[in-house]
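Residues in the sequence shown are numbered consecutively from 0, following numbering that gives the first Met the number 0.
I should point out that these hints are in silico values taken from the structure, not numbers from a laboratory.
Just to be clear, a hint being listed does not mean it is correct.
[To be verified] Derived DSS-like pairs (lysine-lysine); straight-line CA-CA distance at most 30 Å: (1) Lys-34 to Lys-131; (2) Lys-109 to Lys-59; (3) Lys-65 to Lys-25; (4) Lys-109 to Lys-84; (5) Lys-108 to Lys-84; (6) Lys-109 to Lys-25; (7) Lys-129 to Lys-84; (8) Lys-129 to Lys-89; (9) Lys-25 to Lys-131.
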Amino acid sequence: MAHFVLDSYAMLAYFRGEVGGEQIEKLLNETVAGKHTLHMTCINAGEVYYMAYRNYGANKAALVWKALHQFPIHIIEVDMIFTLKAANIKAQHKLSFADAFAAALTITKKATLITGDNEFDSLVGEAGFKVKYL
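With these hints in hand, go ahead and build the complete structure from the sequences.
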């Protein structure tokens with residue numbers, strides 16, 4: 000079974016109906032059918048929420064948050080050890096701190112990151128890091 004990690008870019012593309020959103024919808028449906036597992040850190044889920052809030056208001060953000068928790072996505076809470084992994088990635092690469100959490104989860108789960116954000120290019124191949132761009 001394939002493991003995928005979703006970052007905020009991927010989920011925002013889905014919620015906004017942007018390019019790549021249809022690929023996320025397909026992954027969600029395939030996950031329900033038992034073909035994949037999907038993961039996301041609570042940090043990246045929070046990023047989706049605050050961006051929805053900032054752009055569309057509190058009511059829309061609340062709907063997005065509820066949907067995130069109803070989708071077949073394992074939302075992973077982070078601890079100090081995981082935070083240190085993300086911080087080490089951030090220290091060595093030019094990417095946002097939230098993106099470092101997505102990268103750390105991708106490496107930890109031996110998964111493939113699903114994103115449209117090219118900030119992850121510098122990580123490709125490192126510690127088995129794999130990415131699929133929307």
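These are the hints, each one checked on the structure:
1. Lys-34 to Lys-131: holds, 17 Å
2. Lys-109 to Lys-59: violated, 33 Å
3. Lys-65 to Lys-25: holds, 20 Å
4. Lys-109 to Lys-84: Holds. Lys-109 to Lys-84 sits at ~14 Å (cutoff 30 Å).
5. Lys-108 to Lys-84: holds, 13 Å
6. Lys-109 to Lys-25: holds, 21 Å
7. Lys-129 to Lys-84: holds, 17 Å
8. Lys-129 to Lys-89: holds, 17 Å
9. Lys-25 to Lys-131: holds, 14 Å
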